[in-house]
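Sequence lines, in order, name chains V and R. Position one of the first sequence corresponds to residue 222 (the working numbering), numbered consecutively onward. Position one of the second sequence corresponds to residue 70 (the working numbering), numbered consecutively onward.
Certain hints may be false.
[What the hints assert, rightly or not] Which residues of chain V face chain R? A few of them, derived with a C-beta cut under 8 Å, are: (1) Ala289; (2) Leu290; (3) Glu363; (4) Leu367; (5) Gly377; (6) Met382; (7) Ala397; (8) Trp405.
None of these hints come from the bench; they were simulated from the model. All values reported here derive from a predicted model rather than from experimental measurement. Idealized CB from N, CA, C, for every residue including glycine.
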Amino acid sequence: MIAQLMFWLPLAAVLVSAFAGLMIFVAGERRQRLRTWLNIAAALLKLILVGLIGLLVMAGHNPEFRVALLPGLDLVLRADGLSMLFATLSALLWLVTTIYAIAYLEHSPNRARFFGFFSLCVTSTMGIAMAGNLLTFFIFYELLTLTTWPLVVHTGSSAAMASGRTYLRYTLTGSALFLIGLIWLYGLTGSQDFIAGGTIAELGLDNDWALKIIFWLLVIGMGVKAALVPLHRWLPLAMVAPAPVSALLHAVAVVKAGAFGLVRLVEDVFGPNLVADLGLGLPLAVLASITIIYGSVLALYQNDIKKRLAFSTVSQVSYITLGIAIGGPVATIGGLIHLVHQGLMKITLFFCAGIFANLLGVKKIEQLDGIGQRLPWTSACFTVGALGMIGLPPVAGFISKWYLGAGAVAMGQHWVIAVLVASTLLNAAYFLPLLKRIWLHLPPEQWPAEHRVSRLESAAMIGSSIATASFALAVGLLAGLPLSPLSWVTGIVTDYFP
Amino acid sequence: MTEALLAALVFLPLLGACLLLLAPSSWRATILLAVTVPLPFCLLPLTLLIADAGLFEMTLAGHPAPLGIRWRLDALSLLILWLNVSLMILVGLAAGARFAPASDVGLRFWPLWLLLAGGIHALLLSADLFNLYVTLELVTLAGIGLIATGGSGAALRAAMRYLLLALMASLLYLLGVGLVYAEAGTLDLYQLGETLEPGLLPATALVLMLAGLLVKSAIFPLHAWLPAAHGNAPGPVSAMLSAIVVKVSLYIIWRLWFWTAGDWQLPAPGLLLGLLGAGAILYGSALALVQKRLKMVVAYSTVAQLGYLMLIFPLSGLLAWQAASYHLIAHGLAKAALFVAAGNILASLGSDRLRRLAGLDQRLPMDVFALALASVSLMGLPPSGGFVGKWLFLRAAYEQNAWGWMALVALGGLLAAAYLFRVLALTCFHPRSHGHSTRLREPPTLASLAGLLLALAAIALGFASAPILALLEAAWPGAMTP
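Working from the sequences, and respecting the hints, build out all of it.
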């Protein structure tokens, strides 16, 4: 009985939202109440299943679903510490985003299609989190591309179609290179499950140059979604999508999937030791640093709130890459913990940006003047997110930067401190003027385009933002508690660096 | 018993075709069901037999080999038989909704349909070059007849052009067969493998036969007839033509290459055939990208996808064999789904111009869903039958350090994504600014369902590869002749 449960649980956690998505397609556009219930029920059920798996993992089990896809190639869904980190984050944020999106899209067309793909998108994210080997990861990674494209082009405007094309160009080319790398790797090692410390660590350095090429092929494959410079161009363009999509794309789904893949690649496929031996860590760290600075600098020049947030994402997600590329336990903790922290903070910021645009038509930065008086709660949440991004204690972002810096010093990579300081200054430079406008400037006579929205809807949207903002505060304030993300990540990292 | 099953596969459809012509119109639907429904049940015991024994041979009507008709069934024929029977049932559902059996057009359509099926079954079982010729003629002529049932001027012109080219191709093939007979005194595909030695005459014969067959399977640059024929035929007919008819002549090439000429060392001609395939993939995809009509996109996609089946020649080896065979099946199902869905869209809108398909996902959700699922398989995105084929091709190329072919397969997937996402973008997400004055006639649910089932089958192939690949491994001729 328990064994059965351990086998099917990971699959159930992945498929529950796929099932919901298909039901939503079948239910069609008109049955709004049914759709709402399906959405929320599936999100809750997923959270419960993930919680259950989490309990099993804590008790030292690894629920695993395995089925042969091709002879010698298995599709493996396996829950370990790292997958639970990402799975919990996406299950939690999916619930919040679903509530937000239901309210946000109240009167727009094509909602069945939107929510159907939204659910499928979360299925892929959950599959990526639970993937037990690189092939499974690749399959869900491709599925993610397929299911997010309809969300990006949702509005159907020519700008959306163009950015959808760019998105596909980048992601599909990336995945073609990924596939070649994967075939090559499997040619050398056969199909291998992810294990802490790296599956090909024991292969030795015989295929030195081949391993290096494979590494970079896979990094390109993941880096496209993780928006590593120069593969980031699709991300700001994808801002034409509705706000809940941007929120989910940035905080959980696409960008995070890429970063999570890089973590798996470094920690579980190559292994930190082999990456260090092959000399791959430093170039990756440099690439991540360039992305951090470049993204921040470009963010400064953006006049559109969502665009500025997008470039901020380009920059912030690379903290994760930076952490694992530096290597060593402390920096790895900093990178992994940012997976959670960036998610919570960035989703808050996008929720708030969506509310500004939806309720008042505020999309540009200069229109933010005095919005703190009009929408105090939303503005407060925005402030929490922004301060966290800058790295001000006690919001979560501070902890990430602290660990990254300390880890870099421990590994003797002092130049990273300069990157972190520069990035913090840039973060402050592009977020503080917004906060100044929000709180200190006088509101205009009339807002650009004020919409009347029912109290329930605005409460749902603002409530979602408050929820995520308080998560972001809580994980920072309560980082020392045993179940906090920080303690969880520390537990994971002790596996990698015994 | 096994002999009876094989005979039923061939003669049930042929008998049905005759009965359809003679029986009163109200009986036709019953006759169709009566000759179609038993076919999968004939295949089931045969599958068990082949899984067990690997091969079954029989002589029709008792005459021994040089005179009599010899039939041979192995895993490759069996899989294509399964493909054809699945298509007959599922595409048949869509066709039944379009060509009511009791109607006049039904009388023109269904006998040809059964003739096509019987011809394909006989071709897949035939073990000698002359019977392959006869059955291939039967398949081609039935196919041309089916195109012409569309009745439009474009369809008739395309059918005529196809007919002329196909006749020329048959002559080339027949010439080759004559040369082989003069040289070896036998036409048995498998005996020839032992008796026919490489030389000028056999080589000339092989080239003639290949040339004829390449025309019939529309391999680049001999594909010119295909887009017009497949693009203008009625939807279910296009589905059969693209999914299986062009492939049976390619199947004969495989047989000639790996069985008859199996121990000739032919790396350079193999490379040439592979390059033709590469040309097909690139050229077909590029033209699919610029087509203005949905069915033409799908037709050019066939030109491109057939190219993959040529990669078996340069990559020749077990993995490439499995890859190409798997691709053949997966493409068959996905392409049939695309053509059935496109046919439904065309029939209900009265046009399949891509510009006029905006907002289609709201109006024909089932057909668009079939279109999207089949596209996933054609692009080779996981999980789908197309992905398994692509994965095996890449593995095969990797094993031989053939980086060029690897790049080609990866690029081919990207190009397929480009032309299929273009269609999906225009049908689903384009704002309806262009307007659609055409009124909508809902396609019959059964026709839409057929497309959807075909697409689902193509996806499901991504999960059921192990037994199929095991069957194929046993049938690889390289395994028989060490």
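### Query
What are the numbers of the hints the structure violates, in ascending order?
Hint check: nothing fails, all pass.
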